[in-house]
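Using the sequences plus the hints, can you model the full thing?
Chains as they are written, first to last, in my numbering: chain D, 1 to 848; chain W, 849 to 973.
It is possible that some hints are incorrect.
What the hints assert, rightly or not - Lysine-lysine pairs mimicking DSS-like chemistry, simulated, CA-CA at most 27 Å apart:
hint: 1; chain 1: W; residue 1: 938; chain 2: D; residue 2: 80
hint: 2; chain 1: D; residue 1: 188; chain 2: W; residue 2: 924
hint: 3; chain 1: D; residue 1: 310; chain 2: D; residue 2: 412
hint: 4; chain 1: D; residue 1: 151; chain 2: D; residue 2: 60
hint: 5; chain 1: W; residue 1: 967; chain 2: D; residue 2: 60
hint: 6; chain 1: W; residue 1: 924; chain 2: D; residue 2: 43
hint: 7; chain 1: D; residue 1: 75; chain 2: W; residue 2: 967
hint: 8; chain 1: D; residue 1: 347; chain 2: D; residue 2: 390
hint: 9; chain 1: D; residue 1: 188; chain 2: D; residue 2: 151
hint: 10; chain 1: D; residue 1: 151; chain 2: D; residue 2: 204
hint: 11; chain 1: D; residue 1: 43; chain 2: W; residue 2: 883
hint: 12; chain 1: W; residue 1: 924; chain 2: D; residue 2: 297
hint: 13; chain 1: D; residue 1: 111; chain 2: D; residue 2: 80
hint: 14; chain 1: D; residue 1: 675; chain 2: D; residue 2: 662
hint: 15; chain 1: W; residue 1: 883; chain 2: D; residue 2: 347
hint: 16; chain 1: D; residue 1: 246; chain 2: D; residue 2: 175
hint: 17; chain 1: W; residue 1: 883; chain 2: D; residue 2: 275
hint: 18; chain 1: W; residue 1: 883; chain 2: D; residue 2: 24
hint: 19; chain 1: D; residue 1: 451; chain 2: D; residue 2: 390
hint: 20; chain 1: D; residue 1: 80; chain 2: W; residue 2: 883
hint: 21; chain 1: W; residue 1: 883; chain 2: D; residue 2: 297
hint: 22; chain 1: D; residue 1: 213; chain 2: D; residue 2: 246
hint: 23; chain 1: D; residue 1: 718; chain 2: D; residue 2: 656
hint: 24; chain 1: D; residue 1: 810; chain 2: D; residue 2: 275
hint: 25; chain 1: D; residue 1: 31; chain 2: W; residue 2: 938
Think of the hints as simulated: they come from the structure by calculation, not from any bench.
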Amino acid sequence: MNKNRIGEKKDDDDSYIPFQGLEKGIVLQEKRLFSETPVNPRKCSTLITKLLYLLSQGEKFTKQEATDVFFAVSKVFQSKDIPLRRMMFLMLKELSTLADDVIIIIASLTKDMSGNVPIYKANAIRVLCRITDSSLLPQVERYFKQAIVDKDPHVASAALISGNHLMKSSPELVKRWVSEVQETVNSKSTMVQYHGLALLHQIKQHDRLGVSKLVTSLVRGSVKSPYAMCLLIRLAAEVMEESEDKIFFEFLESCLRNRSEMVVYEAARAICSLKNVSTKDIAQAVSVLQMFLSSSKATLRFAAVRTLNKVAVTFPLSVTTCNLDMESLITDSNRSIATLAITTLLKTGNESSVDRLMKQITSFMGDISDEFKIVVVDAIRVLTIKFPQKHRSLMTFLSNILREEGGYEYKKAIVDSILSIVVQIPESKEAGLGHLCEFIEDCEFTFLATKILHLLGQEGPNTKQPSKYIRYIYNRTSLENAFVRSSAVSALATFGAKLENLRPSIIVLLRRCLYDNDDEVRDRASFYLDVLEKRDAPLVHRLISNVNIDIPLVNLEQALKDYLRNPSKKAFDITDVSTEVAEAPVVKKETTTGAKKGPASTTAAAATQFATFGKLFKSSQPVELTESETEYVVSCVKHIFNDRIVFQYTVTNTLKEQQLEKVMVKMVPQSADFKVEGAISAPVLPFDVAGTTYVSVKYVPGGHPSGTFACTLKFIVKEVDTSTGDVDDSGFDDDYQLEEIEVTTSDYMKKTMVSSFQEEWDRLGEDNEVVETFNLSTMKTIPDAVKEISTYLGMQAVDRSDQVEPKKTKHVLLLAGKFAGDVPVLAMARMKLQTGVVMQLLVRSEDQ
Amino acid sequence: MTRDEWALSRNSLDQQKGDKYGDKNLPLVASIGEKYVVYSGLGELMIFITGSCEYDELILMDILATMIEIVKGICKKGVTEAGVIEAYHKISIHSDELIKSGFLNIIQNDTIYSYAHMKYDKTTK
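Have a look at this one:
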């Protein structure tokens, strides 16, 4: 039954909704209306409306259905009814991606495009853009080019926007229109100017000089459209990253006085985002944003406070002038604005305003959702660390909101913040632990409870009154689930291990846990009881209070799995587990070309020969010595031994017409400290098969020199008949130059873990220390420097010292490793950001 | 969007009261990741405009304002669900002139009206 009611009288019933119960099958049956002669405009318009409505409601059309409708609708080209033609264009665009053989309407479209009616032209161009692909575009290109320079702005805009879309599929073709597009930038129509500039930028985006010239020519004032101005401001900011020409900054400053608020804001935002901007330059932009804070438009307030929030990270003092205006935004009806205002105030507030701010935030927190609350909690954490004197009031605030309703992520954020504060501000430890104890009394999240119990076990015994925490921990052994009870048992045992005076009481409590329902709880209780009752201080220390596992957990897990898979009579020995931080496996890695592996004979011969070199210390990551598209693809892995380096080259022949034989790499050291000892060549290397060749280089034991090697691939080439696969008997010698390969200090270093960096550092002492200062002028930020130093030294960052906030100006990086000969080495890099990064590097090791 | 903002937008009573700036049409703004959303209630309708990169909240605000004018102009008897669906074809054509495949095409309301009715734009003649 047809239930649609368009065109009929409306019911008086308020619940009347047109198209209610509209069915696709019934609507599709009506497509015969398009084939009538003459077409009925009203009925056809109604039918197109229904089809569009079905599509917008997510109704799926099969390819056949879409194609049938597409062809049916295209018959409307013969109608002269203007509203119907307009609907037809809309429908054709919607169906163009769903139907097959859509290019069949090109003839009708080109007729419209060649006609005199600009309205038809513009719409025809838009449809043409949708149905054209890269193969068809060259044939219809001239229509677009003509339309771009058309006097009618509607037509020009249609062509320019189509060009933007076509850039994705046929960029090279659209780039040919550059001279036509260039003209549109001077158009009187504001929208044509905007579209023209957008397309011009798309065309030139990979040509930095071109973009710079474009921006330079336009900043002198030929752009009127506010949208084009906004785009131009963004381009100017991009160009300023590489150019120091003052004309661009002057342009941005002039835009701060533009009539359009959009342009003013864009200019202020661009100035605030510049990399090397000074406080003086930013002041004008901040004052403009301050004005926007009291605007009646929510979007302006939002935009201003969002930008000030980012500026507050790098220039907090510049933003303090806006604090009064931002305080009034805390009660803004738009919660996004209010949250941004709060977090900005938290970044820029001074110590005296903290208490006032916290009062305002307390009432605000109840009105916002969890995701906003998490942002505020993080900002409070940063504020606490910034003002350690205020830790008491801020910690109380955090504990109060911890007791309120909230989801897991929110509670986790608060707990993490409290833990972070406890770690960074030692004076806050007792208060923090007290708050966390109260929290776990009524905590619904197992992960958080176990985390806090573990912390209590670690830190509780070191406080002034450790016994007060025992009640909280012991309550968890009876009132919670098995995971939490197990953690509580471990925490109790740690107290018993570290505090001898409390040990008898702890033993009594642990005995009660032997009757628990859960295996894990009972196992842990009996293990800890056994250790504590032995009264063997070193054993207690090693097994409970100071469990040091200097082994990456991944290695331990793998070793345990291997032991369980292949059980032996010998007990599992933790000292057999490797302490090396696992990197990507190198020997079994496939070649970058995905080529098949060559015969194993070379590898076997190498293994036999290199067995006499002693224990392998380290294997490096593969280093590419050629580009991936060259005739011969070569990569190298360096295997470090006590007094030798074995270079393992993986060679792939990518030429079908050739077979390589006796493939080897000739290495010429640039340093006299190295001596090439011998090589194993790959006997045969057919097409697309990866072969391996080795070169052994000797150095003075204990010398560990650095240096580069010039490398040449040498081989015998034999021609291959690609049709039959036959190989010529005779060949000729040939060689191929490879990139140089370098051996550096990091090759002799492997990454290791240390459980307590400070203890190891103190143990090595200043007598085993070497200090030097470096100026890393090429490093622009601390995170970049951290990454480079870790890679250059080949050492492992410990104690999370590789986690650096992006805008930090000072940092201390802690590194641990083992040098060749299994010599432990620790390094401390103190960094400060000035024009580059100034670094003081302290290295301690027992071996000078 | 928070629960409050959703309630605020849908509650026509709050819209009539307006906020402290005396603005009765209460467009709201939010950002989700790198995307901006500007939204407002209009009668029984909720209009959301979302964009990213150069289409930040200020341009979206202009687009939203134009969209509101379009719908108001079409649904002269009041913006109800039935009225909007009944005028679906007109709204589709007008919004097709406003935004073309993700690009802002025309922002002036009278120009959009002209082109939607397949007339020459008198302002540019």
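These are the hints, each one checked on the structure:
{"no.": "1", "hint": "W/938 / D/80", "verdict": "holds (19 Å)"}
{"no.": "2", "hint": "D/188 / W/924", "verdict": "violated (34 Å)"}
{"no.": "3", "hint": "D/310 / D/412", "verdict": "holds (25 Å)"}
{"no.": "4", "hint": "D/151 / D/60", "verdict": "violated (40 Å)"}
{"no.": "5", "hint": "W/967 / D/60", "verdict": "violated (34 Å)"}
{"no.": "6", "hint": "W/924 / D/43", "verdict": "holds (23 Å)"}
{"no.": "7", "hint": "D/75 / W/967", "verdict": "holds (22 Å)"}
{"no.": "8", "hint": "D/347 / D/390", "verdict": "holds (14 Å)"}
{"no.": "9", "hint": "D/188 / D/151", "verdict": "holds (10 Å)"}
{"no.": "10", "hint": "D/151 / D/204", "verdict": "holds (25 Å)"}
{"no.": "11", "hint": "D/43 / W/883", "verdict": "violated (40 Å)"}
{"no.": "12", "hint": "W/924 / D/297", "verdict": "holds (26 Å)"}
{"no.": "13", "hint": "D/111 / D/80", "verdict": "holds (14 Å)"}
{"no.": "14", "hint": "D/675 / D/662", "verdict": "holds (22 Å)"}
{"no.": "15", "hint": "W/883 / D/347", "verdict": "holds (24 Å)"}
{"no.": "16", "hint": "D/246 / D/175", "verdict": "violated (30 Å)"}
{"no.": "17", "hint": "W/883 / D/275", "verdict": "holds (23 Å)"}
{"no.": "18", "hint": "W/883 / D/24", "verdict": "violated (34 Å)"}
{"no.": "19", "hint": "D/451 / D/390", "verdict": "holds (25 Å)"}
{"no.": "20", "hint": "D/80 / W/883", "verdict": "violated (42 Å)"}
{"no.": "21", "hint": "W/883 / D/297", "verdict": "holds (19 Å)"}
{"no.": "22", "hint": "D/213 / D/246", "verdict": "holds (14 Å)"}
{"no.": "23", "hint": "D/718 / D/656", "verdict": "holds (11 Å)"}
{"no.": "24", "hint": "D/810 / D/275", "verdict": "holds (18 Å)"}
{"no.": "25", "hint": "D/31 / W/938", "verdict": "holds (21 Å)"}
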